[in-house]
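J.: Counting in full-length UniProt numbering, the sequence shown runs from 1 upward without gaps.
Hints in this document: simulated from the structure, not taken from any laboratory.
A hint or two may mislead.
[To be verified] Simulated pairs of lysine to aspartate or glutamate, DMTMM-like, Cα-Cα distance not exceeding 20 Å:
#, residue 1, residue 2
1, K303, D261
2, K257, D65
3, K106, D90
4, K257, D298
5, K106, E94
6, K106, D153
7, K312, E337
8, K303, E324
9, K303, E268
10, K312, D261
11, K331, E94
12, K303, E337
13, K257, E324
14, K257, E79
15, K312, E271
16, K172, E183
17, K290, E79
18, K172, D210
19, K106, D135
20, K312, E268
21, K290, E324
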Amino acid sequence: MIHGSLASVESDSWQSLLASSITDPRTLLERLNLDPALLGPAMLASADFALRVPEPYLARMQPGDVHDPLLRQVLPVGEELLAQPGYQLDPLGEQQTNARPGIIHKYHGRLLLIVSGGCAINCRYCFRRHFPYEDNNLSTAEWQQALDYIRSDTSLSEVIYSGGDPLAANDKRLAWLTREIAEINHIRRLRIHTRLPVVIPQRVTGGLIDALCATRLPVTMVLHCNHANEIDQHLGAAIQRLRAAGMTLLNQSVLLKGVNDQLQQQLELSEKLGDHGVLPYYLHVLDHVKGAQHFHVDDQLAKRLVGQMLSKLPGFLVPRLVRETAGCAGKSPLPVELIE
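Throw the hints in and build the complete structure from the sequences for me.
T.: Written out as structure tokens, the structure reads:
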């Protein structure tokens, strides 16, 4: 691990850490002492989908190891540029459910608010890597229109902050938005889908907790952690602050070839999440987004893997294996292969 930079990382604000993220493939390779021959493909792939890696996440990678599971999630590679049948720009059909700027409404009773189009990290398998965030960057008037949409639909009971990463928005914006939503009587709960505390744990400040937890709404935060190596002492401390504020904490991950497609990797992730009071929620099979085909794991392997997990762990530490399909009313569970 790159421990030398941790002292400065700990003292920096989350905003400065976000602003100083590595965006140049050459810098990433040099910092990790990786083969310069990787640079050409990385430059080509990052021209299509930019590289972004914050320092606290980089600090958890193993220098010299091109197979490091955290590096593999963020390193642009030439395979991303290969055409692959069935891989699309919008695999979940979200642009058809982008009801108005800032809103994705594809399921009954709940909707997504695109609170921020920015992310702290660009994961190479991201199903929204081609999403038109520029069309969902809201003006003050458009935010009011989005809130009016929520007010007018009494079938809604839950609002989900999404993005990008919703926690890339500042505390003032999050506090205002949460207060406005809490004043809508038919909204019963708030959910936040975020990877930012995983990659920059410093984001979990007192100001953030006040912004999210100061209303009547119960708050569930769904973290996105794919590998046990992502859970270090800094993330552990951030998780404890969130739990102390009364949030329910869940985790969702994506099954990725070369990252977490082995039984031991999944067991270690679930156990480590459980150690910190975070319940595994979903394990997604890969969404077929253009550029991510090299992460594909066969369905049968996925089903067998989760079946093996059920034989090794208590049920509450085993995530549900699911696929999301455009046009479906919800996520589709995949039947697992139980071990005799």
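J.: Next, verify each hint and record whether it holds.
T.: Now the hints, each set against the structure:
Taking the CA atoms of K303 and D261, the gap is about 11 Å. The hint holds against a cut of 20 Å. Distance check on the hinted pair: K257 and D65 sit about 16 Å apart at the alpha-carbon level, within 20 Å; holds. At most 20 Å may separate the alpha-carbon atoms for a hinted pair to count; K106 and D90 meet this at roughly 14 Å. The hinted pair formed by K257 and D298 meets the criterion: a straight-line CA distance of about 9 Å does not exceed 20 Å.
For the suggested pair K106 and E94, the alpha carbons sit about 8 Å apart, so the restraint of at most 20 Å is met. Restraint check for K106 and D153: the C-alpha separation of about 13 Å stays at or below 20 Å, so the hint holds. Between K312 and E337, the direct Cα distance comes to roughly 14 Å. Compliance with the 20 Å bound is thereby established for this hinted pair. Taking the CA atoms of K303 and E324, the gap is near 15 Å; set against the 20 Å cutoff, the hint holds.
At most 20 Å may separate the alpha-carbon atoms for a hinted pair to count; K303 and E268 meet this at roughly 18 Å. Under the criterion of a C-alpha separation no larger than 20 Å, the hint pairing K312 with D261 is consistent with the structure, at around 16 Å. Distance hint between K331 and E94 is fulfilled; the C-alpha atoms sit about 14 Å from each other, no more than 20 Å. Restraint check for K303 and E337: satisfied, since their Cα atoms lie roughly 5 Å apart, inside the 20 Å limit.
Restraint check for K257 and E324: the C-alpha separation of about 18 Å stays at or below 20 Å, so the hint holds. Of the supplied pair hints, the one linking K257 and E79 holds, its CA atoms being roughly 13 Å apart against a limit of 20 Å. Annotation: proposed proximity of K312 to E271 holds, straight-line Cα distance about 11 Å (limit 20 Å). At roughly 17 Å between alpha-carbon atoms, K172 and E183 fall within 20 Å of each other, so this suggested pair holds.
At most 20 Å may separate the alpha-carbon atoms for a hinted pair to count; K290 and E79 meet this at roughly 11 Å. Annotation: proposed proximity of K172 to D210 holds, straight-line Cα distance about 10 Å (limit 20 Å). For the given pair, K106 sits about 18 Å from D135 by alpha-carbon distance, which is consistent with the 20 Å threshold. With a C-alpha separation of about 11 Å, the suggested pair K312 and E268 falls inside the 20 Å cut-off, and the hint holds.
For the proposed pair K290 and E324, the alpha carbon gap of about 16 Å is at most 20 Å, so the pair holds.
Going through the hint list in order, the structure satisfies each hint without exception.
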